[in-house]
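Assemble the whole structure, with the sequences as input and the hints as a guide.
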Amino acid sequence: MEKYGVYVPRLVPKYEGFASGHRACIGCGEALAVRLACKALGQNVIVTNATGCMEVVSSQFPNTAWCMPWIHTLFENTAAVASGIEASLKAMIRKGKRADKGVKVVAMAGDGGTSDIGIQALSGALERGHDFLYICFDNEAYMNTGIQRSSATPYGASTTTSPAGKVSIGQVTWKKDMPAIAAAHNIPYVATATHSYPFDLMDKVAKGVATPGPAYIHILSVCPTGWRSAPDLSVRLGRLAVETGIFPLYEVEDGKYKLSFEPTKLRPVQDYLKLQGRFRHLSEETVKEIQNRVNEEYAKLKEKAL
Amino acid sequence: MGQRVGIEVSLAIAEAVKLANVDVVAAYPITPQTHIIEHLAELVANGELDAEYIPVESEHSAMSACLGSAATGARTFTATAGQGLELMHEVLYVASSMRLPIVMSVANRALSSPINVWGDHSDLMSVRDTGWIQIVVENGQEAVDNIICGFSIAEDHRVLLPVMIHADGFYLTHVIEPIYMPEQNEVDRFIPPSRYPLPLDPDNPVTMGGFGPPYIYTEMKKAQEVNIRAAKEVILEQWDKFGKSFGRYYHPVECYHCEGAKTLLLTMGSTGETAMAAVDKMRGGGKDIGLIKLRLWRPFPFKEFRQAVRSAEVLVVVDRAISFGGPGGPFFSEVKSALYGEDNRPKVVGFVGGLGGRDITVGQFENVVERGIEIVQTGSEQEFEMFGVRE
Numbered sequence: 000m001e002k003y004g005v006y007v008p009r010l011v012p013k014y015e016g017f018a019s020g021h022r023a024c025i026g027c028g029e030a031l032a033v034r035l036a037c038k039a040l041g042q043n044v045i046v047t048n049a050t051g052c053m054e055v056v057s058s059q060f061p062n063t064a065w066c067m068p069w070i071h072t073l074f075e076n077t078a079a080v081a082s083g084i085e086a087s088l089k090a091m092i093r094k095g096k097r098a099d100k101g102v103k104v105v106a107m108a109g110d111g112g113t114s115d116i117g118i119q120a121l122s123g124a125l126e127r128g129h130d131f132l133y134i135c136f137d138n139e140a141y142m143n144t145g146i147q148r149s150s151a152t153p154y155g156a157s158t159t160t161s162p163a164g165k166v167s168i169g170q171v172t173w174k175k176d177m178p179a180i181a182a183a184h185n186i187p188y189v190a191t192a193t194h195s196y197p198f199d200l201m202d203k204v205a206k207g208v209a210t211p212g213p214a215y216i217h218i219l220s221v222c223p224t225g226w227r228s229a230p231d232l233s234v235r236l237g238r239l240a241v242e243t244g245i246f247p248l249y250e251v252e253d254g255k256y257k258l259s260f261e262p263t264k265l266r267p268v269q270d271y272l273k274l275q276g277r278f279r280h281l282s283e284e285t286v287k288e289i290q291n292r293v294n295e296e297y298a299k300l301k302e303k304a305l
Numbered sequence: 000m001g002q003r004v005g006i007e008v009s010l011a012i013a014e015a016v017k018l019a020n021v022d023v024v025a026a027y028p029i030t031p032q033t034h035i036i037e038h039l040a041e042l043v044a045n046g047e048l049d050a051e052y053i054p055v056e057s058e059h060s061a062m063s064a065c066l067g068s069a070a071t072g073a074r075t076f077t078a079t080a081g082q083g084l085e086l087m088h089e090v091l092y093v094a095s096s097m098r099l100p101i102v103m104s105v106a107n108r109a110l111s112s113p114i115n116v117w118g119d120h121s122d123l124m125s126v127r128d129t130g131w132i133q134i135v136v137e138n139g140q141e142a143v144d145n146i147i148c149g150f151s152i153a154e155d156h157r158v159l160l161p162v163m164i165h166a167d168g169f170y171l172t173h174v175i176e177p178i179y180m181p182e183q184n185e186v187d188r189f190i191p192p193s194r195y196p197l198p199l200d201p202d203n204p205v206t207m208g209g210f211g212p213p214y215i216y217t218e219m220k221k222a223q224e225v226n227i228r229a230a231k232e233v234i235l236e237q238w239d240k241f242g243k244s245f246g247r248y249y250h251p252v253e254c255y256h257c258e259g260a261k262t263l264l265l266t267m268g269s270t271g272e273t274a275m276a277a278v279d280k281m282r283g284g285g286k287d288i289g290l291i292k293l294r295l296w297r298p299f300p301f302k303e304f305r306q307a308v309r310s311a312e313v314l315v316v317v318d319r320a321i322s323f324g325g326p327g328g329p330f331f332s333e334v335k336s337a338l339y340g341e342d343n344r345p346k347v348v349g350f351v352g353g354l355g356g357r358d359i360t361v362g363q364f365e366n367v368v369e370r371g372i373e374i375v376q377t378g379s380e381q382e383f384e385m386f387g388v389r390e
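Here the protein sequences line up with chains A and B, keeping their order. Numbering that gives the first Met the number 0 puts the first sequence at residues 0 to 305. Numbering that gives the first Met the number 0 puts the second sequence at residues 0 to 390.
Source of the hints: derived by calculation from the structure; they are not laboratory data. By construction, the Cβ of each residue, glycine as well, lies at the ideal position given by its N, Cα and C atoms. One should not assume that every hint holds.
Claimed, not checked - Calculated cross-link-like contacts (lysine-lysine; reagent style DSSO-like; alpha-carbon spacing at most 30 Å):
{"#": "1", "chain 1": "B", "residue 1": "Lys231", "chain 2": "B", "residue 2": "Lys221"}
{"#": "2", "chain 1": "A", "residue 1": "Lys96", "chain 2": "B", "residue 2": "Lys243"}
{"#": "3", "chain 1": "B", "residue 1": "Lys335", "chain 2": "B", "residue 2": "Lys221"}
{"#": "4", "chain 1": "A", "residue 1": "Lys94", "chain 2": "B", "residue 2": "Lys240"}
{"#": "5", "chain 1": "B", "residue 1": "Lys231", "chain 2": "B", "residue 2": "Lys220"}
{"#": "6", "chain 1": "B", "residue 1": "Lys335", "chain 2": "B", "residue 2": "Lys286"}
{"#": "7", "chain 1": "B", "residue 1": "Lys335", "chain 2": "B", "residue 2": "Lys346"}
{"#": "8", "chain 1": "B", "residue 1": "Lys346", "chain 2": "B", "residue 2": "Lys302"}
{"#": "9", "chain 1": "B", "residue 1": "Lys286", "chain 2": "A", "residue 2": "Lys96"}
What the hints assert, rightly or not - Residues of chain A clear of chain B, computed beta-carbon distances all greater than 10 Å:
{"#": "10", "residue": "Pro162"}
{"#": "11", "residue": "Ile180"}
{"#": "12", "residue": "Glu252"}
{"#": "13", "residue": "Thr263"}
Shown next, in the form of structure tokens:
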């Protein structure tokens with residue numbers, strides 16, 4: 000990343016698909032991730048968005064932050080709506096009812112809309128092979144409704160429905176491995192990204208949307224409100240998630256794993272955990288448990304990427 | 000005029016969808032709707048229908064895919080029944096509220112539990128408040144004709160609402176009937192090419208399905224209500240246009256010997272034909288009775304209905320669904336409330352039967368009519384009665 004240095008601003012597309020003025024919280028990593036993704040997507044897309052933070056902050060009548068055709072319907076059906084849009088374009092172009100302008104279809108949802116309530120619709124759409132890109136913006140809980148746990152919430156995190164208490168460490172389950180689930184559908188492109196590596200994110204989104212067939216990108220999106228972290232640390236936290244090996248950046252192209260960024264040595268997970276109020280209660284023992292799990296998972300991933 | 004052929008009603012429905020030249024079909028199999036979507040899959044596989052067929056993984060996704068498809072401007076069809084319609088429930092509201100002209104064939108079916116795949120109106124009644132236009136057909140010919148009318152109604156720019164065509168599961172879907180299948184060129188003339196006014200298109204980007212807080216939600220719902228109420232005139236207009244083109248006329252309320260009759264029987268769906276036989280028999284026996292069949296369930300044809308029952312003394316309503324712990328069958332309670340403010344109105348008595356595929360016989364229609372007259376004469380307090388129950 001260093002090579003970009005002072006030229007960075009010049010390398011970012013000027014186009015804004017996700018306009019400023021939306022109602023996201025201060026320091027919202029997801030809004031940043033959406034903005035970067037939209038820059039990479041360009042204007043020739045139709046976006047379908049699940050219910051969640053982004054829909055709420057961006058589409059309140061009579062305003063909209065979306066500069067491309069955008070549709071929100073429900074929470075769990077985004078991949079199915081995308082299927083319908085894709086099929087509609089295909090049929091109408093074939094029947095001469097619409098000019099073929101190479102329009103791409105993109106579905107966006109949060110971690111709840113993807114790994115919990117929307118997983119069936121997503122699995123169906125991936126299996127059927129629709130030509131679309133699905134982006135999961137993962138802030139690791141139901142933040143919009145008030146920080147309730149999801150299957151993407153990490154082990155040990157305190158949320159309003161997995162609260163840390165005298166006899167509980169908070170979330171007692173390990174984060175669901177959604178990119179692996181997507182990859183298990185044998186789709187041509189799967190990737191992970193975070194807003195803290197903006198060029199990596201934009202490259203992957205551009206690649207995903209250009210891939211014929213289904214593509215899935217899982218973007219870790221820091222949420223200061225839910226993670227109980229300082230809003231000015233959002234970019235820092237995304238980098239720490241990668242540097243500690245908690246959220247490695249990688250691609251799975253036609254089944255082949257490739258690490259996008261390999262730190263020479265992983266930082267201790269505590270560097271990441273200590274900046275967040277949701278992990279404040281964790282004992283040394285639990286932190287160690289998390290460290291061991293991260294080491295194990297990272298080693299497994301490296302093996303796959305060999 | 001088309002050819003008269005012997006064909007299973009489900010296949011005829013699929014053929015009508017083909018005649019309407021749909022662009023996208025998204026469907027999930029459920030008894031007794033399966034023959035409709037199987038035949039559509041076959042038509043697509045054989046290249047007889049140029050459409051995208053999305054074999055979705057659930058009914059929730061079937062209707063969701065329809066939202067995406069219709070919003071992108073494609074002519075869109077799906078079919079379901081019973082539990083499938085229930086699984087779609089929340090998506091149905093979105094389809095109507097976002098003004099997406101989807102046409103759906105519903106093979107009316109009972110609801111679990113116990114699981115029962117046979118016909119009744121439990122599913123139909125459970126979606127009456129979803130903002131869809133609901134047309135309930137009586138036989139295969141009506142099913143075919145109303146699938147075709149369904150598209151012309153739904154896509155009319157004064158309407159832009161989704162339409163359900165209800166055909167009783169098994170009673171209609173699985174029987175072979177003689178049906179006039181319209182010719183392709185006639186249908187092409189009748190249904191103009193779909194021109195959805197604001198499709199999702201990067202050349203003219205729109206935001207659809209934004210977040211509506213309290214300051215706007217009520218206004219949106221009012222607009223929706225005004226819209227569906229006004230749709231009735233267009234439905235009548237399209238039916239009239241259809242009649243002029245094909246020689247078969249449809250009305251929101253159909254009357255059979257009801258002019259001046261003191262007692263009227265009221266049905267909806269496939270039982271109408273059995274009820275006609277019962278009325279013939281009773282009239283033969285000297286009874287002053289007529290039959291009213293409701294074809295348009297939403298928007299409810301208040302004017303036509305009130306007009307039709309105005310001079311009757313007793314109105315016997317037969318429901319094929321039950322509202323547990325409520326005022327009786329949903330059909331009965333709606334009809335009763337539609338008449339409550341009228342100066343001249345019949346006494347309304349409600350009966351519930353024919354649930355989960357139990358047949359309603361000519362004899363049972365005779366019985367409920369007699370029992371209905373008796374209830375009115377004795378002034379019984381009971382809200383409604385169930386008939387055909389083994390005790």
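> Taking only the CA atoms, is the gap from Lys335 of chain B to Lys221 of chain B under or equal to 30 Å?
Replying inline: holds (24 Å)
> CA of Lys231 of chain B to CA of Lys221 of chain B, is that 30 Å or under?
Replying inline: Since the Cα atoms of Lys231 of chain B and Lys221 of chain B sit roughly 16 Å apart, the hinted pair holds (cutoff 30 Å).
> Should the label of Glu252 of chain A as a non-interface residue stand, given a Cβ cut-off of 10 Å to chain B?
Replying inline: About 26 Å separates Glu252 of chain A from the closest Cβ of chain B, which puts it past 10 Å; holds.
> Does Lys94 of chain A pair with Lys240 of chain B here, judged by a C-alpha cut-off of 30 Å?
Replying inline: Roughly 27 Å separates the two Cα atoms, so the pair holds.
>> If I take the minimum Cβ distance from Thr263 of chain A to any residue of chain B, is it greater than 10 Å?
In response: For Thr263 of chain A, whose nearest Cβ neighbour in chain B is about 44 Å away, the distance exceeds 10 Å, so it holds.
> Are Lys231 of chain B and Lys220 of chain B close enough, with their CA atoms no more than 30 Å apart?
Replying inline: Given that 30 Å is the threshold and the Cα spacing comes to 18 Å, the pair holds.
> For Ile180 of chain A, is the shortest beta carbon distance to chain B beyond 10 Å?
Replying inline: holds (15 Å)
> Holds or violated: Lys335 of chain B with Lys286 of chain B, Cα cutoff 30 Å?
Replying inline: Distance of about 24 Å is within 30 Å: holds.
> Going straight from one Cα to the other, do Lys335 of chain B and Lys346 of chain B come out at no more than 30 Å?
Replying inline: holds (9 Å)
> Would the least Cβ to Cβ distance between Pro162 of chain A and chain B come out above 10 Å?
Replying inline: At roughly 29 Å from the nearest Cβ of chain B, Pro162 of chain A sits farther out than 10 Å, so the non-interface label holds.
> Would the pair Lys286 of chain B and Lys96 of chain A pass a check requiring their Cα atoms to be no farther apart than 30 Å?
Replying inline: Cα-Cα ~58 Å, so violated.
> Does the structure keep Lys96 of chain A and Lys243 of chain B at a Cα separation of 30 Å or less?
Replying inline: holds (29 Å)
When each numbered hint is compared with the structure, a violation occurs for hint 9 only.
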